[in-house]
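Asks: Line order of the protein sequences matches chains F and Y. Here the first sequence is numbered in this note's numbering, starting from 1 and rising by one per residue. Here the second sequence is numbered in this note's numbering, starting from 1001 and rising by one per residue.
It is possible that some hints are incorrect.
List of simulated lysine-lysine pairs, BS3-like, C-alpha gap at most 27 angstroms [stated by the list, open to error]:
id : chain 1 : residue 1 : chain 2 : residue 2
1  : Y       : K1259     : F       : K256
2  : F       : K233      : Y       : K1002
3  : F       : K259      : Y       : K1259
I should point out that these hints are in silico values taken from the structure, not numbers from a laboratory. In this text, all values refer to a predicted model and were calculated from it rather than measured experimentally.
2 protein chains.
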Amino acid sequence: MKCTRCRKTAHVSLPSHHSGFCADCYPLFFTKQVETAIRREKMFTHEDRILVALSGGKDSLALMLELKLQGYDVTGLHIDLGIPNSSEKARRKVEDFCTLHGLPLRVFEMAAWGLPIPDVKKYVKRPVCAVCGKMKRHHFNRIAVEEGFDVLATGHNLDDEVARLFANTLRWDTAYLSDQGPVLPASEGFVRKVKPLFRLSEYETANYAFLKGIEIHSDPCPYAGGASFTGHKELWGELEHRSPGQKLQFYQAFLKNGKPAFARQEKETGAVLAPCTECGSPTSAEICSVCRIRAAVAESRAQEG
Amino acid sequence: MKCTRCRKTAHVSLPSHHSGFCADCYPLFFTKQVETAIRREKMFTHEDRILVALSGGKDSLALMLELKLQGYDVTGLHIDLGIPNSSEKARRKVEDFCTLHGLPLRVFEMAAWGLPIPDVKKYVKRPVCAVCGKMKRHHFNRIAVEEGFDVLATGHNLDDEVARLFANTLRWDTAYLSDQGPVLPASEGFVRKVKPLFRLSEYETANYAFLKGIEIHSDPCPYAGGASFTGHKELWGELEHRSPGQKLQFYQAFLKNGKPAFARQEKETGAVLAPCTECGSPTSAEICSVCRIRAAVAESRAQEG
């Protein structure tokens, strides 16, 4: 196969785009996809201050580098989860990456805040991945709002988005279906959230990270029973293999036809939010679930002595 | 495994129902599922005259027998497609079945009407299965309306419905999503349509047909490139295997949460129907597509000499 752009030997084959690229031209394809995502979905401009959530994995670091190369005003945010033998490695990759590329970075430590994730695992009965995800989203949003960023960007790729959409669709969960998408507009207490990699598959992002020589944190989290939605991702791998382009079609048709129907319905039945009396974050209860979990863990710890 | 009902050795295992049944008790499970479908979805009563579409396959014959055993007023309708070496066999199975069980039967011949399906294959450029399906639905509805039936029942099972719903969802086809379901209410020119087997899988219906000793027509149609939605059915087999009950959950959650959102949206944008000037069937054009296809084929035949 020859490179679609320069006719040299292709190194990356992309059946869903009816094309293939050599190592030199591939990053240009990647850049174009990110540009298209930002432009079509009106994600942000070069005037906006963008906070990028950095886990240390391929997606978040690829996103950060690409946005920097496109000249955007980006600041990294890493949350140190405090998980032994894991979090320090992830943090080191993020710090080294930002130092190498001269990028500003904030690090938020769950332990310093009083709730390292091992304590969640020990004291909270709910699945640790769900609670950890909730904590991270809470702090991403809180820090973006407090520090006056215009937008929070995350490295979710097409496979993440399709697997999540599929899970929501299997349950026909209209609340989730009404606001899943590459852009979640700002609202009272919430910063705008964007996913500039939503047009790119995991494979496409991994290729970019590899070709750009990004050192990534690729160890699985020791607490995860497997990556989220693994089964759904396998199934979608099969669908995409049978019908290249199916993932992006499914996701884009959802955005065009599905989401508006659910959004209209939810508008009439959605919950009313008010600031949490503890931390000020928007919540449908008096005290938000993040503050309630932190308090419950503190109490469990105190009872233990 | 023991029979959930009588504790004898079970012959049919049903993980999605956390149960299993012996050959004697299994039909009682089947009956209950059909009763539940009819009652919960308010499909019809013992006062209604029901026209049952009979292809000769396991689903339609199982449905016909079960409705008769439940005491409903059923009449069969078979469409003889006029396909050599196939249609006569299917028709014979249907006729023998109705004779054996003392059931009234109408047979409609596509050849006598002027459009045997081989002519569709020969003269119409569109996929023959799509046109054949359209023709059958047209005549099912027309005959039900003309002969004053209250309802048309078809043998679609849960696998058919889930595969179709999945195909519609992959495209987020809101027009189809707004009216897919086990009951399509009557409207101007359209009889009410119901699918009393929608809670039962292909496997469950096949077991019933086998245990009841129904002689079925099981040859694949010589014109079909494979059963419809084969790929989707395999995929859903995998999902159901991983998570028994997933198919019925997906379908029922759609009916409860998904469909209303699409129906509300479509209400504002749906097409206006008027009687076809040729045959009187409701259509959004002046002449319905069935009449147009018949005329086009007649013209092609005439040109050939």
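Asks: Does each hint hold? Answer for all of them.
Replies: Each hint tested on the structure:
1. Y/K1259 <-> F/K256: At roughly 17 angstroms apart (the allowed maximum being 27 angstroms), F/K256 and Y/K1259 satisfy the hint.
2. F/K233 <-> Y/K1002: Given pair F/K233, Y/K1002 is violated - Cα atoms ~37 angstroms apart, limit 27 angstroms.
3. F/K259 <-> Y/K1259: holds, 13 angstroms
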